[in-house]
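For the working numbering, add 1465 to where a residue sits in the sequence shown, where the first one is 1.
In short, the hints are calculated from the structure, not lab data. Worth double-checking, as some hints may not be accurate.
Claimed, not checked - Have a look at the derived ranges for each label pair, beta carbon to beta carbon:
hint : residue 1 : residue 2 : range
1    : Asp1591   : Gln1646   : 26 to 34 Å
2    : Gly1630   : Thr1572   : 33 to 41 Å
3    : Asp1547   : Asp1591   : 15 to 23 Å
4    : Leu1622   : Glu1556   : 16 to 24 Å
5    : Arg1603   : Thr1572   : 30 to 38 Å
6    : Leu1642   : Gln1596   : 12 to 20 Å
7    : Gly1570   : Gln1546   : 15 to 23 Å
8    : Ser1607   : Asp1547   : 13 to 21 Å
9    : Asp1547   : Pro1635   : 27 to 35 Å
Note that the structure is a prediction, hence the values are computed from the model and not measured. Glycine included, every Cβ here is placed at the ideal spot set by N, Cα and C.
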Amino acid sequence: MPVRSAGTGRYLRWGKFRRVIPNQWSRMLMVCAGAVLTIALTACSVFDRGPDSTPDKAAAATASPGAGAANRVSLVQKLGQDGPLRSLNVEPDGHWECDDCAGDGVTSTGSLDPEQVKRLHDLLADPRLRQETDEARRYRVSCIDALTSSLLTSAGLITSQDCPGEDRPPVANEILLLLTQATPAEPTA
1466 MPVRSAGTGR
1476 YLRWGKFRRV
1486 IPNQWSRMLM
1496 VCAGAVLTIA
1506 LTACSVFDRG
1516 PDSTPDKAAA
1526 ATASPGAGAA
1536 NRVSLVQKLG
1546 QDGPLRSLNV
1556 EPDGHWECDD
1566 CAGDGVTSTG
1576 SLDPEQVKRL
1586 HDLLADPRLR
1596 QETDEARRYR
1606 VSCIDALTSS
1616 LLTSAGLITS
1626 QDCPGEDRPP
1636 VANEILLLLT
1646 QATPAEPTA
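Between the sequences and the hints, there should be enough to build the whole structure, so can you do that?
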């Protein structure tokens, strides 16, 4: 018979701590906890690749200049805190759709010309773009009531504002200028 301390014996005698979890449930709990841990670690290893890690073949195919996902770009713009939210999505073939670009609630569509598509693909394939992401720059919004433009590329999110003295990432700024000149999106200053 196991030795119990006086304090725990009193609780066991009154039935307050009989058996909290039956054996079959504790085994099931351990299996579920193991499954959740496995899924979490797998997700972290897939999505938390550093810049010097080697991507797999599927990711390399996506990152090639002719791949569809690498050549897709979205632009979201907002003027100040109360301004309308404008979104522009450009497909790899150059077709674009702009929601509320003129601030009138209308969705506009169109396409870039072949020269613009090639220029956009070249800019999106530029390796410097990875160093211009908000994460790489540790970017924080600093101006109030300024036009904020956020580019979503395969490299990541790149945000810039029309603020005096703010440095703009060069490659992302070229993409932003190309998109705002070729579509009804708000031009930058």
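When the structure is checked against the list of hints, which entries are broken? Sort them ascending.
1 and 3
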